[in-house]
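The listed protein sequences derive, respectively, from chains S and V.
Quick note: the first sequence uses the numbering used here, first residue 1, plus one each step.
Quick note: the second sequence uses the numbering used here, first residue 1, plus one each step.
It is worth saying that the hints were derived from the structure and are not from the lab.
Everything hinted at is true.
Restricting the straight-line Cα-Cα distance to at most 25 Å, the calculated cross-link-like pairs of lysine to any residue (SDA-like) are:
(1) Lys27/S to Ala64/V
(2) Lys28/S to Asp161/V
(3) Lys45/V to Gln142/S
(4) Lys165/S to Asn10/V
(5) Lys231/V to Tyr39/S
(6) Lys165/S to Leu116/S
(7) Lys125/S to Gly14/V
(8) Lys28/S to Ser163/V
(9) Lys45/V to Ser74/S
(10) Lys57/V to Asn91/S
(11) Lys183/V to Lys193/V
(12) Lys45/V to Val139/S
(13) Lys28/S to Leu63/V
(14) Lys56/V to Leu171/S
(15) Lys57/V to Glu235/V
(16) Lys247/V to Gln215/V
(17) Lys180/S to Ser145/S
(18) Lys27/S to Asp137/V
(19) Lys180/S to Gln23/V
(20) Lys56/V to Thr35/S
(21) Lys82/S to Ala64/V
(22) Lys84/V to Leu50/S
(23) Lys125/S to Tyr7/V
(24) Lys246/V to Thr51/S
(25) Lys189/S to Glu6/V
(26) Lys56/V to Glu43/S
(27) Lys195/S to Glu36/V
(28) Lys27/S to Glu55/V
(29) Lys45/V to Glu138/S
(30) Lys195/S to Asp31/V
The lines below spell out each chain.
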Amino acid sequence: MNFNKPFFQNDEREIIDSLRQQDGKRKKGEELLFTRYAYLIQEAIHKYSLTREDAFNLYSDTMISAIEKIANGSFQGRSSLKTWIYKIFHNKYVDLLRKRTTNKNSINRTASISNLLFQLPDSSKTIIQELVDRTDWEVLRQKLSLISDNCRQMLLLWADGYSDKEIAATLEYKTVDVVKTSRLRCLGKLKQLYKTT
Amino acid sequence: MENNFEYIDNYFGGNLSPDGKKQFEQRIVEDRDFAEEVAFYLSAKQASKEEMISEKKEWFRLLANQPSSIPIRRPVIQVRRLWKYAAVAAVIACIFFAWYLTSVRSASPQQMAKEYIEKNLRTMPVTMGIRKDSTQDGLRLYNDNQLDSSLKLFENIIQRDSSNFSVKNYAGIVYLRLENYDKALAYFQDLEKYTSLYSNPATFYHALTLMKRNQPGDKQQARRLLEQVSKNDLEEKETAQLWLKKKW
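Based on the sequences and whatever the hints tell you, model everything.
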């Protein structure tokens, strides 16, 4: 018997398959996942004595993390989807408590940047980390709202882990190459706007 | 510029040969301009990710507010070690009673409503959406204090989609701000029927409107509604409980 073979209920399988689709229908999977376990919001209110807003944010953070992991294949199905979601939910709750006690709101951003930098060797990583630390995030996000809707949408999908193929399907571009060229051009436009501040 | 972005994109996409990767990493150390471009590429991705997350949360909020979309599961209450809870409850009751004796003050319901509106309903959260979104436009107008224009937009949306809970809620709030209490009440009373929403402040807003209107009988009715909010664990339960403790 192969104990490593993932076994899911039908609705769990449907959610996972939707989130792993390459044809731009991921959004449906995200909706299914969100509504499937949304009772956790109520549970957080009662079990962890959170306000509705905090419980909603906790569940939303759980969903964002779960969606990313399922889509990029990090979720290997060693437990049921429900058990795995609950584990993330609990970990996020612990993070929330830690954040409240240490008041470290920049932890998430630092962790996220570190994930992007992991490919670089230490010598170049330090240089890039220092330069990234100088970023004026508020201005950069504001400039992001000034580029065209198409550009912005493309960059957001890219940051969400969509491949160029998925972006092409979602935004109805003809080819992957067009997406790549346009995406890099959008980055160029954003850089120009940012540098003019 | 775009050539470098393509080069950087290829590196982080894992599309360079081992030699190509080494050259890339060496260039970061030797070429400051190039290093800045790599840093910008990563910062732009991070900023886009943060934007994406905030948009996704807003979308989740809409999903959560769709009637019947969320299966309701009541928490299982385990009856065990009751004496511990009883002891904690007794201590809390003592503290609460002491607090009640020292800090309860009389207050005018109209003043409380006015302060609440000033503090909590002056602005609404707006997201920078990818697509053009009339609701967000309406909220922007509302935040710019263009109440009539925002109301027009919200009512147009409601005409097209009479089940849009969030927008009905916004329209009720605008009417309340405009002191058109009858219209505000009509919206909030309608919204009270949506009992399956995960978050529905309509009963509380109904009470708030009556407190602000302050006609004969409004106070008593508002109190009854606030008691409902408190008893049924509805949205703004904490505020309702605080108000109920005051002498009206």
